[in-house]
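Undergrad: Could you put together the complete structure from these sequences and hints?
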Amino acid sequence: MQTRTIGTATEGRAPLGSPAIAVRGVTKRFGDVAAVEDLGFEVRPGVVTGFLGPNGAGKSTTLRIVLGLVHPDEGSATVLGLPYASLPEPTRTVGAVLETQSFNPLRSGRNHLRVLATASGLPSARVDEVLELVGLSGAARRRAGKYSLGMRQRLGLAGALLGDPRVLILDEPANGLDPQGIRWLRDFLRGFAADGNAVLVSSHLLSEMAQLADEVIVINRGRLVKQAPVHELANGSRTLEDAFFELTEEFPEEGAR
Amino acid sequence: MKDQIASEIRKLTSTRSAYWLLAGLALVVAFTSASVVGADQMTTNIDAPLEHQPFLVFPLTVTTVFTMILGIRSFTDEFRHGSIVPTLLASPDRRRVLGAKLVAVSAASVVYAVVAFGTALAVGAIGLAVQGGELSWSAGAVAAMGGNLVVASALWGAIGVGVGLAVRHQLAAIVGMFLWSLVVESALGALVPGVARYLPDAAGSAIVGVDAANLLTPGFAVAVLAGWAALAAVVGGQLMQRRDVA
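In order, the protein sequences belong to chains A and B.
In terms of our numbering, the first sequence is residues 1 to 257.
In terms of our numbering, the second sequence is residues 1 to 246.
There's no promise every hint is true.
[Claimed, not checked] Coverage of chain A stretches by chain B, computed from C-beta distances (three or more under 8 Å per stretch; other residues unrestricted):
#: 1; stretch: 43-57
#: 2; stretch: 63-74
#: 3; stretch: 84-91
#: 4; stretch: 106-114
To be clear, the hints were calculated from the coordinates, so they are not data collected in a lab.
These numbers come from a predicted model, not from an experiment.
Built from N, CA and C at the ideal position, the CB exists for glycine as well.
TA: This is the structure in structure tokens:
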């Protein structure tokens, strides 16, 4: 990830309508278990929004509902005012990374991206641009199955950036990245948001989130607990981590003793 | 849709899997054709025209098994590796993804059929010539056999796509289809004799003209097998529309 310049052409584009992402009254049950319950929030353009919650809080389910992969039982999720499936050019609107392993391990990184670019009507030249952008050019022709975890994350990110989108949705993108990679990602996402785009990023790394996000959404057991600017939750000696544990009551008993 | 089809063809050509499967088919066909021609009882057939040569029977039956597996893998590979997620993010209309896979797999199945049939003809003809046989053929009859194999292979590829989408698990889909052919279809045929020839395996055999007794006419069999392919695609597509991709 040598390149610091953002290979997007967002400057000069029409400003994004607000909200970029809207989740309204979403409930999703798997059997008897409600993974998400009457969840609602909005993600604005121009800022990085962190998406926090303990394991099993419903973060991944929510992101998948926004991306049209999981159908909610109730409620709706829209990106730029439309359900994902109705977006006329989804890849040019939204880029998403959900899992590290979401490619055929026998296909080279470059061919994986070319498959996706072809499906979206994007030129192959764009594939080489995003490979360069995430610093994978040197390994582009190697089988993706041989990539390290960090390289897989970069490949996923390259796929998300293919269509030069206005909205990025990233599930644990820092996972497996080395310190330089994390720093590059942080700078990239902040620059991307500063250009008027929207970023929704989930992470377990609360200290990282405190540096990255302008605003956070905290959910627990499928419900919204808090949406607030980071500086409101973490100030003075109180860290985002402190706030997170208070909000999600991860260890209430221990705190009482 | 054009972009999705191009993407699916790129998927098929950008790993070695489809090539290995094709190479396996060609190898099996070459080996079997050579053994049939080399077998002793062949001496009686040595001067028969190519289209009546028994070494063509095996490729006619085995090719559709390979294209069915190719079809099954089209979706099950994506579920197995999770690449279904970026696929659906790029093309959220799931029916369109299904349609593109049907087209791409059918096209690849045509290649499989042509390679298998060509390999059998070439190996068999060489074998006959080596044994001093008088090579003769009716170009029309040979072309018709090849054409029928192409049609049956493409339809079986399409059936595989639908089954793979409905079942999602690769091994389960492949084993299930073998069980269908070997057990369910013959059991159904024995229980309800009238329907036997309308079942997919029998219809496929009728198209390529193997065991032609008691089977449908080839033209009608194409319609019947196309019906099965459509059914598989509709069932797979309907399940996919409703399903969550986790």
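Undergrad: Are 3 or more residues of the stretch 63-74 of chain A near chain B, judged by a Cβ distance of less than 8 Å?
TA: holds (count 6)
Undergrad: Quick check: the stretch 84-91 of chain A, covered by chain B? Criterion 3+ residues, Cβ under 8 Å.
TA: Holds, because 5 residues of the stretch 84-91 of chain A bring their Cβ atoms closer than 8 Å to Cβ atoms of chain B.
Undergrad: Within the stretch 43-57 of chain A, is the number of residues with a Cβ closer than 8 Å to a Cβ of chain B three or more?
TA: violated (count 0)
Undergrad: Examine the stretch 106-114 of chain A: at least three residues should have C-beta closer than 8 Å to a C-beta of chain B.
TA: Holds, because 6 residues of the stretch 106-114 of chain A bring their Cβ atoms closer than 8 Å to Cβ atoms of chain B.
When each numbered hint is compared with the structure, a violation occurs for hint 1 only.
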